[in-house]
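*Asks:* Just need the whole structure built from these sequences, with the hints factored in.
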Amino acid sequence: MNAATAPRTARPRRPPRSVIGPLALLVFAAITWWAASEDFGLNFDVPRLFTNLTRGAGILAEFWPPDFSVLPRTVDPLLETIQMAIIASAIGCAVALPVAFLASRVTSPNLVAYIVDRSVLSVVRSLPDVLYALIFVAALSIGPLPGILALILFNISVVAKLLSETVDGVDQGPIEAARATGANRLLTVRWAVLPQVLPNYVAYSLYAFELNIRASAVLGIVGAGGIGNLINETRRFFQYDKLMVVVIEILILVIIVEWISIWLRRKLV
Amino acid sequence: MGPPLRYPPMIRFINASVTYPGGVHALKNVTLEIPDGQMMVIVGLSGAGKSTLIRAINGLVPLSDGDVTIDDVSVRSAKPKELREIRSRIGMIFQTFNLVNRTTVLNNVLMGRLHDAGTLRSLLAWYKPEDVEIAMQALERVGIVEKAYVRASNLSGGQQQRVGIARALAQEPTIILADEPVASLDPPTSHVVMRDLQRINRELNMTTVINLHFLDLAKVYGERIIGMRAGELVYDGTGDQADENVFRDIYGRSLTADDMLGEAAAAG
Amino acid sequence: MTSPTASRPSTPSQRAKHVATALAVLVVAAATLTVDVQIERLPDLPGALMRIFGRMFLEPSPEWSYLPEAFGSMLESIQIAWLGTVIGAILSLPLGFFGAKNITSRLVSNIIRQLLNVIRAIPEILVAVVVFIPMVGLGAYPGMLAIGVHSIGTLGKLSAEVIEGIDPGPVEAARAAGGRPLQIQRWGVLPQVLPEIVAFWLYRFEINIRASAILGAVGAGGVGEALVQSLVFRRYDRAGMVVIVVIVVTILIDTASGWLRRRIIQGGGGASPTDLEQPELVEVDAAAIQRP
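Chains as they are written, first to last, in our numbering: chain A, 1 to 269; chain B, 1 to 268; chain C, 1 to 292.
To be clear, the hints were calculated from the coordinates, so they are not data collected in a lab.
A portion of the hints provided could be inaccurate.
As the list claims (entries may be wrong) - Taking CB as the label site, the calculated pair distances span:
| hint | chain 1 | residue 1 | chain 2 | residue 2 | range |
| --- | --- | --- | --- | --- | --- |
| 1 | A | 191 | C | 248 | 37 to 47 Å |
| 2 | B | 72 | A | 259 | 33 to 43 Å |
| 3 | A | 110 | C | 117 | 37 to 47 Å |
| 4 | B | 29 | A | 252 | 23 to 33 Å |
| 5 | A | 34 | C | 28 | 46 to 56 Å |
| 6 | A | 109 | C | 53 | 26 to 36 Å |
| 7 | A | 76 | C | 21 | 27 to 37 Å |
| 8 | A | 184 | C | 115 | 46 to 56 Å |
| 9 | B | 249 | C | 115 | 55 to 65 Å |
| 10 | C | 91 | B | 33 | 46 to 56 Å |
| 11 | B | 186 | C | 14 | 44 to 54 Å |
| 12 | C | 168 | B | 199 | 22 to 32 Å |
Here the structure is a predicted model, which is why all the values come from computation and not from measurement.
Every residue gets a Cβ at the ideal spot worked out from N, C-alpha and C, and that includes glycine.
*Replies:* Have a look at this one:
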């Protein structure tokens, strides 16, 4: 096939090369340089990283073998972790239900409630659970209570967001039917919307519980109850082999809860 | 058996067999010679072995027994580098077009130049002007060069298939394989595509092997028709010789409306 | 008038649902009753919370002069999150490819996926506290490393799933044209998965901002540390400032990143048909660039 046999036709002019690709790459490189630089950023360079890591690797040896003598001390805090997660899930997910309904155009009574609810949700979501825990520990005292409160807020933000998005996508048919029978907003939500989103709601709550277990295991580090407290204690005295036991327990707990949650969510479908 | 050979045979099946891991005998002892420049159509029910036969030619499906040779070079014993070389000379067209949807028509056609273009150039899409020229000419040959910079997914089904043909042509192949090229297209477009393939076969004297499941199209466009049933070659003749009885034998059942494209098949 | 009565179905058994609900209530009750919280102090709760919120935000007003410092530590958290995400993204891409069973064998991909699962299961704060802080000391470094390592786990798993979900067609086409393995990945796989994977990277960055704030609470730099410092020294007005900065910056980044993610998923290469309905056609001198 050559030019002699192929028909010569007019060809389209090549469109200007999009500038977005190179521009994005440039922005990315600039931000990375800024973050890693010495003057403005974290002073990150790969050779130093390796020397640091190799020097520090020796410490890791102190973690093994794990010192299981600490096991009895871990029982109560572990239970407390689980209790915190359960209570926070129950209260948080319950509160999340009305919050979610207010946050969706489909079920929100008026524009003001919708905007206020969504804004409050945005604000609450922007603070991570540990920061809430820090504040609550300062306000109350150390113990499980600030942890539970922090987790409740965390729960609400996670479940309400997920649920409100599900409600946004709900089938309008039953809603129309309910309105046609003269039902008010509350009844419509209860009978036309809720049944549609109930399976999702339960799934989101189980998912939130999973996240709660992870979070509550860690909140103790800032004093908000649970097994995290033990992490601080062992860390303070450089008892890394005991710390290893705590870490193993947390891992096992997280994995077991994840399995149960996945199994339950599958049964739901 | 088939029509008299015009040139030394190009593609040769020698007792070729394919057995898939599950135990399915997709191809049973097929012996076949496809001469240079022939337009051959393969018909048969789904699962009869059409797809396997055509993919054995470029080695996409490995043989379990026997051999396939192209110009007396064995496909089965080709090493990876040799196999890529063989494949670069065989253009393939697919039922579902297999285009990269998110990029331009031109980039899709340039995939035909992958083997000859350097690795770095092809990874960065910095093709040499000669390669771009070949791609453009391929697009001209199928008549859609004005869509060169359009995103592939924005084209109609018929246009996408023509991009697929252009991609195959950009390889500057000596063989074209088409696996049910018109099964996803409407009747008028199907005829356009089949005529394109016929034109390429005649103008460029390119060996063309096509799987079809519309029997009326097979009759019209098939210089030679091969019938497959349960992995075996059961018929070998010209398009004129193939009539309803022949097809019924190949299918092993009476024919239905689904087996015909219909709509002015004779107008092709 | 008597109408013939068909036998009515009995009410379907809701036993499973009832048992499950009863179990859940039981578990919650058990937890509530046994937790070590002094019930008598509960009524004090609202008051205590009000007091601290007041001290943080109301009287006197949040310490605006602290704003530059608060903003500075927020920037540090962003840098930690950014570098951590970059590390995670770069290292997770090849792992994602190797963890996809349609790219490598079932065995290899399984091993890689299990490895990624283990990494994912460990919360970042544990990785920081248990591994990196002991190794490299306190500061931003261990935070960035902990986030990076955890991100490899999540991003690797998500990438592998996206890759496993591709249409095998273009891959077959690239093979059939005689492409080399790298070319097949570049043209058959990458165009299909890159937008989603980049969107995952952005989403991970949003999450990592929060993670780096958390890590600050254990001494890994950034805004978490600023908060801890101000609370420890009971400078609640400063704490209020920090919280405001965190909220505002996080919301801004979330919004920008969300917009960017949506654009990436929708967009793609090439012009749309409306632009090129009547393309400007130019005569081309084909002979000039013909291959010899």
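*Asks:* Range hint 55 to 65 Å: satisfied by the CB atoms of residue 249 of chain B and residue 115 of chain C?
*Replies:* holds (57 Å)
*Asks:* At the C-beta level, are residue 91 of chain C and residue 33 of chain B separated by a distance inside 46 to 56 Å?
*Replies:* Given range 46 to 56 Å: holds, Cβ gap about 53 Å.
*Asks:* Does the Cβ-Cβ separation between residue 72 of chain B and residue 259 of chain A fall within 33 to 43 Å?
*Replies:* violated (60 Å)
*Asks:* So the hint says 23 to 33 Å: do the beta-carbon atoms of residue 29 of chain B and residue 252 of chain A match that?
*Replies:* Violated: the Cβ-Cβ distance is about 59 Å, outside 23 to 33 Å.
*Asks:* Could you say whether the range 37 to 47 Å given as a hint is met by the Cβ separation of residue 110 of chain A and residue 117 of chain C?
*Replies:* 46 Å Cβ-Cβ, so the 37 to 47 Å window holds.
*Asks:* Honestly, do residue 109 of chain A and residue 53 of chain C meet the 26 to 36 Å range at C-beta?
*Replies:* Roughly 28 Å apart at Cβ, these two residues keep to the hinted range, so it holds.
*Asks:* Between residue 34 of chain A and residue 28 of chain C, is the Cβ distance one that fits in 46 to 56 Å?
*Replies:* holds (48 Å)
*Asks:* Does the Cβ distance between residue 186 of chain B and residue 14 of chain C fall inside 44 to 54 Å?
*Replies:* Distance hint for residue 186 of chain B, residue 14 of chain C holds at roughly 52 Å.
*Asks:* May I ask you to test the hint 27 to 37 Å on the CB atoms belonging to residue 76 of chain A and residue 21 of chain C?
*Replies:* Holds, since residue 76 of chain A and residue 21 of chain C (Cβ atoms, about 29 Å apart) stay within the stated range.
*Asks:* With 37 to 47 Å as the target window, see if residue 191 of chain A and residue 248 of chain C comply at their CB atoms.
*Replies:* holds (41 Å)
*Asks:* Just to be sure I understand the hint, the distance between the Cβ atoms of residue 168 of chain C and residue 199 of chain B should be within 22 to 32 Å; is that true here?
*Replies:* Holds, at about 30 Å.
*Asks:* Is it true that the C-beta distance of residue 184 of chain A to residue 115 of chain C lies inside 46 to 56 Å, as the hint says?
*Replies:* 55 Å Cβ-Cβ, so the 46 to 56 Å window holds.
The structure does not agree with the numbered hints 2, 4 stated previously, though it agrees with the rest.
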